[in-house]
Amino acid sequence: MPNGLNADAREMRVDPADIDVLDERYRVSLSAASPELIESIRTLGVITPPLLERTPAGFRIVCGFKRIQACMQLSLNQVSARVLAYGRVPEIDLLRIAIADNALKGGLNLMEAAAATGKLMARLEDEKDLPDTAAAAGIRITPDLARKYLRLQSLPETIQRMVYHDMTSMKVAFELGTLNQQDGDTLANLIETLRPTTSQQLEMLTHLKALSALQQSSVSNVLLRLPATPILEDERLDRKAKIHHLRREIRKARYPHLARFETAFHINREKLDLPPGLSLIPSPGFENPAYTFALEFETCGELAQKADYLGVLSNHPAMREIMKREIEDT
Amino acid sequence: MKIRKLYIDPQVKDYPETAGISARIKAGQIVVADPDEVLRDIRSGNNPETAGKHSLFITRNKGPFIRKCPGTSHYTCCDYHILHIGAYCTMDCSYCILQAYFHPPVLTLFVNFREMTDQLETLFSSGPMYRTGTGEFTDSLIWEPVYPLASHLVNLFSGRDNAVLELKTKTVATQGLLGLDHRRNTIVSWSLNTEKAIREQERGTASLDDRIHAAAECQLRGYPLGFHFDPMIWYPGCEADYARVVRKLFRRIDPGNVVWISMGSFRFMTHLQEIIERRHPRSDIVYGEFIRGQDGKMRYFKPLRIRLYRALAEAIRNLAPDVTLYFCMEDDEVWGKVLGYTPDQSGGLPSILDASAARHCGLDPNRILEFPRNPVDTLPVPPV
Ligand code: SF4
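Taken in order, these protein sequences are the chains called A and B.
This note's numbering numbers the first residue of the first sequence as 2 and each following residue consecutively.
This note's numbering numbers the first residue of the second sequence as 212 and each following residue consecutively.
Simulated from the structure, these hints should not be mistaken for laboratory data.
Some clues are possibly wrong.
EDC-like mimics (lysine to aspartate or glutamate), calculated; alpha carbons at most 20 Å apart, straight line [claimed, not checked]:
no. : chain 1 : residue 1 : chain 2 : residue 2
1   : A       : LYS272    : A       : GLU193
2   : A       : LYS172    : B       : GLU488
3   : A       : LYS325    : B       : ASP542
4   : A       : LYS272    : A       : ASP235
5   : B       : LYS273    : B       : ASP290
6   : B       : LYS548    : A       : ASP167
7   : A       : LYS325    : B       : ASP543
8   : B       : LYS548    : A       : GLU288
9   : A       : LYS106    : A       : ASP167
10  : B       : LYS407    : B       : ASP372
11  : B       : LYS508    : A       : GLU288
12  : A       : LYS106    : A       : GLU25
13  : B       : LYS459    : B       : ASP421
14  : A       : LYS325    : B       : GLU544
15  : A       : LYS172    : B       : ASP452
16  : B       : LYS548    : A       : GLU327
17  : B       : LYS508    : B       : GLU544
18  : B       : LYS548    : B       : ASP533
19  : A       : LYS253    : B       : ASP495
20  : B       : LYS548    : A       : GLU329
21  : A       : LYS149    : B       : GLU485
22  : A       : LYS253    : B       : GLU500
23  : B       : LYS224    : B       : ASP247
On a predicted model such as this, the values are computed, not experimentally measured, just so you know.
Starting from the given sequences, assemble the full structure and let the hints guide the process.
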């Protein structure tokens, strides 16, 4: 940050009407003025003056977009600000000041960091200077992160909004970004409505994309073929139950044989009527033919009782069915 | 695939083989001081796997030519020996592990054949029986039009009583083999798949009919044959399609002349998926019902594999009841449920295959496991 900045900025009172609020070249924060901020300015005034740059037509904001917005909403006709002379500080330094101001106040979320990266890169002559320039502004941006941020910025607005509101992860956002607009919007709506965890989102998205490739059909059509709409509209189901049912339906479509096999296993395991503390566990994906019994006991008597039960189980028809490990034909 | 660049290792630039190959390949030639230059060149583009199919690096094999196939944990391996003649392939199967195995992959042909011959002679004199093949890091016959290496090998193996060579291919480049005095020491093998799988997943390979026709020609010239249904690919209706391939095959091929038929289903390391999705966007091969196998690779859910194998094995058994059928990298459960026995019940898979090779190729059966196996270098090879 240039050393003489504070000395150069002059404190003065400015009419908000003279500020070009549409000039967002230094805007980093993407949120609007909160009701709390508006209320605080209404009762206490602006505690930290915004930083403005004078322009031939008036002023532009360097730091304090939300404060100025709040002042305008309160219809204040004067606001105290620190004002820099026009062109006195290079654009790149003003941007660093703007980024540092936001970063130090509470950190930048993913979309804000992406916006900051895009703006810094647009002003740097050599991309290699990005990590150092960003570090001087208080944020850490590696070249790999910079690529990801730029990719985030190129995503459709609906997806960017989800990332901004922390509804999804960068990874899911990129996956959504590979879909066509209609599919992206369909899934974005689904995520906004159900708010599944990011790992649930990734799982559903991966399966739906695979189904779309297999069925040579759009993701939206794949969803239509599943009973997705009835699940979403079922008023007896709460949000979590809807997520559960939808995931199950998607998985059944994605792994039809495996899902049927699992269901048959669960039904047969139920038939075994295992006592509490005794469980039958298959290998992951049923790949290894060995099954495991987990047996919990607290006394020798309980151990003997459960061991007897195990002996009986080997002749149980459901156990024999499980051990056959056959896939039924559809 | 057209070779656009020919990189030559200075160590082999004066070899007559290099001169012969360069004369046949009309491509810009670059003598590279450092092999890394080749890799850097290939890597610099945004599709190195494709770039690597347009560049051929002629060099020396600085390591052992013969390596033991390491197999994979938890699944039964056939104890095969790999003859490392070169790397990568001019064809372009979506599922090819070689795309992910070399970093980056580049067509490579080793021309220090004298050293290879010496190493083979040592192997031949060492006692036990060896099944050796060139089709592990590359296709066995892709370089025949440019350099008749396979023919050289056929002659080298001819008349040995303890070694067979397997040439494994998806081409029909067998013309050069037909007139050779092979004495049945060379098994010419084809990878087979359904016509749909060939059309959709095996870009640049010969059609099923052409492969069978080439096999029939080799049979006429007295070559024993092998067939590999690997990787089998599951899709609705695939069982009937695989049975159709078998019927087509045995309309032209005498089952008594088939040394072995292997079965294996598509399996892959997870990092291959990204390459397949990027390079073969029309392929849906990675979206099957895969689970993570005990060796960490993705495999079809086992009951589905068993169902697929049963359909194929039944079709083969109907027409060729005595042919030696085996699995590449499957466990005892699959063996038992599909073939009715496990390899150990028949002396182990290597012995089963050695015996079949001995029977069909006229090898000395006493060489089967006669001596303890020599430890041959086990270097990393593409996971099978
Ligand atoms: S023929 Fe074999 S080596 Fe060649 S691309 Fe296909 S799988 Fe790979």
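Hints, one by one, checked against the model:
1. Distance hint between LYS272 (chain A) and GLU193 (chain A) is unfulfilled; the C-alpha atoms sit about 40 Å from each other, more than 20 Å.
2. Note on LYS172 (chain A) and GLU488 (chain B): the hinted pairing holds, with a Cα-Cα distance of about 17 Å set against a maximum of 20 Å.
3. Distance restraint check for LYS325 (chain A) and ASP542 (chain B): the Cα-Cα separation of roughly 16 Å lies within the 20 Å cut-off, and the hinted pair is therefore satisfied.
4. Between LYS272 (chain A) and ASP235 (chain A) the alpha-carbon distance is near 30 Å, which puts this suggested pair outside the 20 Å criterion.
5. Distance hint between LYS273 (chain B) and ASP290 (chain B) is unfulfilled; the C-alpha atoms sit about 24 Å from each other, more than 20 Å.
6. Taking the CA atoms of LYS548 (chain B) and ASP167 (chain A), the gap is about 50 Å. The hint is violated against a cut of 20 Å.
7. Restraint check for LYS325 (chain A) and ASP543 (chain B): the C-alpha separation of about 14 Å stays at or below 20 Å, so the hint holds.
8. With a C-alpha separation of about 14 Å, the suggested pairing of LYS548 (chain B) with GLU288 (chain A) holds against the 20 Å cut-off.
9. A distance of roughly 19 Å separates the Cα atoms of LYS106 (chain A) and ASP167 (chain A); the hinted pair therefore holds under the 20 Å criterion.
10. For the given pair, LYS407 (chain B) sits about 40 Å from ASP372 (chain B) by alpha-carbon distance, which is inconsistent with the 20 Å threshold.
11. A distance of roughly 12 Å separates the Cα atoms of LYS508 (chain B) and GLU288 (chain A); the hinted pair therefore holds under the 20 Å criterion.
12. Taken as a hint, the LYS106 (chain A) and GLU25 (chain A) pair is honoured in the structure, with Cα atoms around 19 Å apart against an allowance of 20 Å.
13. For the given pair, LYS459 (chain B) sits about 11 Å from ASP421 (chain B) by alpha-carbon distance, which is consistent with the 20 Å threshold.
14. Note on LYS325 (chain A) and GLU544 (chain B): the hinted pairing holds, with a Cα-Cα distance of about 11 Å set against a maximum of 20 Å.
15. Pair hint LYS172 (chain A) plus ASP452 (chain B) does not hold up; C-alpha atoms about 39 Å apart against a cutoff of 20 Å.
16. A distance of roughly 10 Å separates the Cα atoms of LYS548 (chain B) and GLU327 (chain A); the hinted pair therefore holds under the 20 Å criterion.
17. For a cut-off of 20 Å, the pair hint linking LYS508 (chain B) to GLU544 (chain B) stands: about 18 Å separates their Cα positions.
18. For the hint pairing LYS548 (chain B) with ASP533 (chain B), the CA-to-CA distance comes to about 18 Å; that is within 20 Å, so the pair holds.
19. Proposed proximity of LYS253 (chain A) and ASP495 (chain B) is supported: the alpha carbons are some 18 Å apart, at most 20 Å.
20. For the suggested pair LYS548 (chain B) and GLU329 (chain A), the alpha carbons sit about 15 Å apart, so the restraint of at most 20 Å is met.
21. At most 20 Å may separate the alpha-carbon atoms for a hinted pair to count; LYS149 (chain A) and GLU485 (chain B) meet this at roughly 18 Å.
22. Simply put, LYS253 (chain A) and GLU500 (chain B) have alpha-carbon atoms about 11 Å apart, close enough for the 20 Å limit, and the pair holds.
23. A distance of roughly 17 Å separates the Cα atoms of LYS224 (chain B) and ASP247 (chain B); the hinted pair therefore holds under the 20 Å criterion.
In summary, the numbered hints that this structure violates are 1, 4, 5, 6, 10 and 15.
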